[in-house]
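Protein chains in written order, with this note's numbering: chain A, 202 to 576; chain B, 202 to 576; chain C, 202 to 576; chain D, 202 to 576.
Careful, some of the hints might be misleading.
Note that identical chains are pooled: a pair holds if it fits in a single copy or bridges any two copies.
[Stated by the list, open to error] Calculated cross-link-like contacts (lysine-lysine; reagent style BS3-like; alpha-carbon spacing at most 27 Å):
1. Lys209 with Lys340
2. Lys267 with Lys209
3. Lys482 with Lys556
4. Lys350 with Lys414
5. Lys350 with Lys251
6. Lys556 with Lys251
7. Lys340 with Lys267
8. Lys267 with Lys556
9. Lys340 with Lys556
FYI, nobody ran anything at the bench for these hints, they're computed from the structure.
Number of protein chains: 4
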Amino acid sequence: MTKNGRVKVGIIGSQFEADIHAAAIQMSPHDVEVVAVASPTPGNAAALAKRYQIPRVFTDYREMLKEPDIEMVTIAAPNWLHEQMTVECARAGKHVVCEKPLAMTIAEGERMIEETRRHGVLLMYAEELVFTPKYVKAKEMADVGAFGKVYLVKQSEKHFGPHSAWFWDMNRSGGGAFMDLGCHGIAFCYWFLARSPITSVYCQMGTHVHQDKTEGEDNCLCILEFANGAMGLVENSWARRGGMDDRIEIYGDAGVTYGNLHMGNALPTYSENGYGYAVEKAPSTQGWSYPVFEELWNYGFPQEMTHFARCVRSQETPAVTGEDGLVVMEALYAGYASAGEGRKIHLPYRNTNVKRPIDLWLQASSAGNGSAAKS
Amino acid sequence: MTKNGRVKVGIIGSQFEADIHAAAIQMSPHDVEVVAVASPTPGNAAALAKRYQIPRVFTDYREMLKEPDIEMVTIAAPNWLHEQMTVECARAGKHVVCEKPLAMTIAEGERMIEETRRHGVLLMYAEELVFTPKYVKAKEMADVGAFGKVYLVKQSEKHFGPHSAWFWDMNRSGGGAFMDLGCHGIAFCYWFLARSPITSVYCQMGTHVHQDKTEGEDNCLCILEFANGAMGLVENSWARRGGMDDRIEIYGDAGVTYGNLHMGNALPTYSENGYGYAVEKAPSTQGWSYPVFEELWNYGFPQEMTHFARCVRSQETPAVTGEDGLVVMEALYAGYASAGEGRKIHLPYRNTNVKRPIDLWLQASSAGNGSAAKS
Amino acid sequence: MTKNGRVKVGIIGSQFEADIHAAAIQMSPHDVEVVAVASPTPGNAAALAKRYQIPRVFTDYREMLKEPDIEMVTIAAPNWLHEQMTVECARAGKHVVCEKPLAMTIAEGERMIEETRRHGVLLMYAEELVFTPKYVKAKEMADVGAFGKVYLVKQSEKHFGPHSAWFWDMNRSGGGAFMDLGCHGIAFCYWFLARSPITSVYCQMGTHVHQDKTEGEDNCLCILEFANGAMGLVENSWARRGGMDDRIEIYGDAGVTYGNLHMGNALPTYSENGYGYAVEKAPSTQGWSYPVFEELWNYGFPQEMTHFARCVRSQETPAVTGEDGLVVMEALYAGYASAGEGRKIHLPYRNTNVKRPIDLWLQASSAGNGSAAKS
Amino acid sequence: MTKNGRVKVGIIGSQFEADIHAAAIQMSPHDVEVVAVASPTPGNAAALAKRYQIPRVFTDYREMLKEPDIEMVTIAAPNWLHEQMTVECARAGKHVVCEKPLAMTIAEGERMIEETRRHGVLLMYAEELVFTPKYVKAKEMADVGAFGKVYLVKQSEKHFGPHSAWFWDMNRSGGGAFMDLGCHGIAFCYWFLARSPITSVYCQMGTHVHQDKTEGEDNCLCILEFANGAMGLVENSWARRGGMDDRIEIYGDAGVTYGNLHMGNALPTYSENGYGYAVEKAPSTQGWSYPVFEELWNYGFPQEMTHFARCVRSQETPAVTGEDGLVVMEALYAGYASAGEGRKIHLPYRNTNVKRPIDLWLQASSAGNGSAAKS
């Protein structure tokens, strides 16, 4: 295994997230390069490979794991495959970058940590908000005392529903908007508050708009309590029209700040004719729109991949790990349980009686006390 | 009692809210005029009277109630005095405009409704958000279907703490930021959703910044469920720096809107020298600030007073009544109880074991399950 | 003629501006009421009268001027009719409120001032920006020194072209976007700078988009110099997509402020379905839009009409007069001359060789030195 | 001279701009590295070298030019030194990156182009707006037709005055805010309009605030005409309070867009305590402020340096050259002449009777027709 030069990467996946990985790595040519991609559907991996000049293409990721020069594998596959893939990567001696959420169940996440640890590879958790430049600035300000003691951290991510069919299928995703997007907010608050332990979670969930598509929640309000006395408020939706929306607010006894990644970073634009691309999930580029620029960089994806590559080279220490992902998993479980029971769930929380996190809500709310599953 | 011409008004109070009443009425000269003011502290009522050319001044409001030409009395006194004053106004045959919240306890609110009904006078509840032009526009858009089915209404009011000592004293106010400001948000959501009954309330409360000043909560996150399946998210704070902040967000399956009364209506301004007035509770007018213009009009106060006067003349029907205020009171109780118990409280809710709404939180949270009273 | 009570008003016109007058007056019931409307096209005046419950309708405004109880007439007719109507109003002893610009030529404006003075009636110039609450706030801040010495005042009004055919016809309007909209900006700067005399004007004009509709300029950049050393920058367009846009910026040695009447006052909104009304000249209410609220009030129209009525009652002194309108006319002439000659034109400026202000540009620019008339 | 690997760079200068060069290059480790820095003041170059781990330090840049491995030299020195340094770099066979404006006089700029051409080295002009991501997005939208035919391009850069003494000294800078900042706006409009030739320039200049510090203009409004019929409006100021401000607006017959690099990209923040850094030339971080993030990247500096390095490697073709800088110089001359004469100056324009561009204004305006030099 080479110890110098660019870290050689294999990507598992060929769709939305895999594309982001490839594009982000291409933006960091000094530290990292993609040498292979694996995806089961014939043609998909090849298409990605062509788009990004990736030399090697596989339909079975296990074959890819046999390539000796690959040092790091990024997993851009549905939630229910994360564990199995991570375990196999670990056994093949590859460092792992796993997309969010870490896994479908807590037990899976625990096995991922255990296996990667056993085989001495890094398990890096791809929470990009920790690298988002605007949010990093907010954290830097907080850390030098701009806001005094921070007592409330808010993060919100909303759009009108995911791009791939598996997100809507609870058997493959494990949960809805809270699982898909809330994992960002929970990780953000936890990171922003310097990993003060989460002590309780409360969620209000509902399926308000997409009942025809999913049994999952398409909207969630989540309140977190932290051991240091601060709160988090995480809002997520698959039912917000108008394109992607990602925001934070930070409140302290000495100040406040507002960060808006999309409308707050964009060029307010009116166009009769439309144009190529405004923002992820934008409904149209005609009429008024809010185009963003250098979207991947503004999310922090190339910074994230650079960082992970430097971790592989031992130049940096992982800023977000499997352990962070597991904290998020526990909060996701507690959140679904709270929505089901209509009460705050205290952490630590484990429940091994359900196959999918969302069952904690769906099964309990049918009993009538929690958030209405359907409205 | 005159039946035509301008409605003659007496104001009880002489401070912040009384000043708003007098100023707002002066902006509606066609429909209403202030003819008297009553306040126990010698000099206070006289000062207000001088500022607004109010001819008659009383130190005992009971004396004012004897004036036969006064048709409508506005109560701008601390919460714990609302009931007593309303009852006496009703007995004197005066229509009542009562400041928010309606009362300190549900029982008091019930008696206010009962007494005014018995004496055939109107009990009008001074919730100005129902008249706030920007928010009225949002409601008009919702009502013609701009957002499709509305599933989430958010309202937030935040500043760094109230202007009068009695707000901080729970024996005179009954509660903290939730009682003081949350009553606006609850009323707003309820009105926006066409008075769909509130079915549950959940609150996360804490005293994060002002522990030295009050045992009341200085921050609250409140989630409401409504019978029509929609939710409300009400955020309130006495711990947000930078001047008054009042916002709404409306989410429906077909759209979304954002209304910001302060920064979103202001002239972003930089001044080395400062200037007269930026906005309620603004810390400074030097450096960057967000001055608002015609603040009372933008809140809807003159529109509110005009409306109430027209109600007295039977030209309009009260848009917000004591019954609305009582719904808010019930939600406030449920909110404090939920914060105390760490669970969603279903409505209808009554609890006659406490003297003050906040006791439902303070007494229970000391038992350890609910929101931390102190952080 | 009554000397107390509401001022009785007759409106000449029945279209866009006449509707604004009627609506604005209806919002000021204490001070003023519309009792008559006159418009030559059969049915038009009647329609307006029905909409606003105006009791008397005329097709010949001269007949309306015979009504003895009418004290004030508002002229909402095309530019080329202002002088004739004003003169007849004056002879009938009616106070005049004349829409902007004051007239089509300087000579006409001079006669309007002379005739109204001779007959002892007020000539009030309907420049509403002087009453626009957001802009009034900026002036108040400036006047207490917020910005120190103001050296630059900017005002910009832009949309995609006027609502009535006569604006596009230079024989009836006298000029294009600069004449139609620049009169606002010139008046605003002049008023903001406490009527410091205008010493020079420079304009860059062009017909960039609407060559098929008009020989008038559809875009203009105008630089004004004032005797006190300050500058004005006035931007106007009939070629800006996306709905009405009206903004100011004020720069001084000690500060700066930004006022935006439309996007800066609106509720950013996304709607799949659309809704009733967003803002004047908005292209659509579907997709993203910026609805404003209480548009007339935010422009200052009811405040303006209230003020003019109080002037008729001698309770106030006109804030904008025919003399102000004449200053604007002179600057408009100088602006067209400067665009024609490609140089700064110093004031005072008179040119009696042209029938229409725009000829100063059109005739000269065909000679080749000034702004390109067609691009 | 190496032909592969990272381009080795020497920096002339040690202050504000030199620091940006070093930092930007450090952000592009794949393509470029700084190996030397030269500055005459003892200690200054060493301090920069220490900050960025630059191995070689010189007090005489001529000594640095003898280093055989240096391939590219960036000139971050006052305007009056650009020509001499460029000529010596060219003679030493080094590619040149020259800071804006290209030179102090047109004649100097012409010699720079001639000498670099003769010696077969690249003369790259460091206009970073061509790399600014937000502005690049606007250009991409324009190029796919989002705005239809673009008829007006606006760019504005304003702050409260430069950081180094030489800017205020016209003998070393050649001009004031227009020379310092207007060169950006002219280059931006020219680039945005695909290098359509500039056909005329008109400027309104004044020294409104800093008469005690400089004879240069501290405020300028500049109108450009282009051969394709479009206009540019460039606004610059050393007299705008509140921190750096950089904006664009693009108007076409089919649309409009607004780009704001600072307030429009920032986190609106209130802080009692302050924090490290908000934005270039920000007056304070206490109270309300608008902190930006990753400022260099958002300006496009690392992208610019990467591009220039790739040009040295013949992988890309220079996006901004000495010829572009010379076009800007000509427009600067014409601008000063127009301010002096009070009329539009047509291009091509040459004037060899003045030592400094600003003399075209200062000498003529003392004659009384042009922009008042002092207000």
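To see whether the hints hold, each was checked on the structure:
no.	hint	result
1	Lys209 with Lys340	neither (31 Å within a copy, 35 Å between copies)
2	Lys267 with Lys209	within (13 Å within a copy, 39 Å between copies)
3	Lys482 with Lys556	neither (31 Å within a copy, 52 Å between copies)
4	Lys350 with Lys414	between (43 Å within a copy, 17 Å between copies)
5	Lys350 with Lys251	neither (50 Å within a copy, 35 Å between copies)
6	Lys556 with Lys251	neither (39 Å within a copy, 58 Å between copies)
7	Lys340 with Lys267	neither (40 Å within a copy, 45 Å between copies)
8	Lys267 with Lys556	neither (32 Å within a copy, 71 Å between copies)
9	Lys340 with Lys556	neither (36 Å within a copy, 43 Å between copies)
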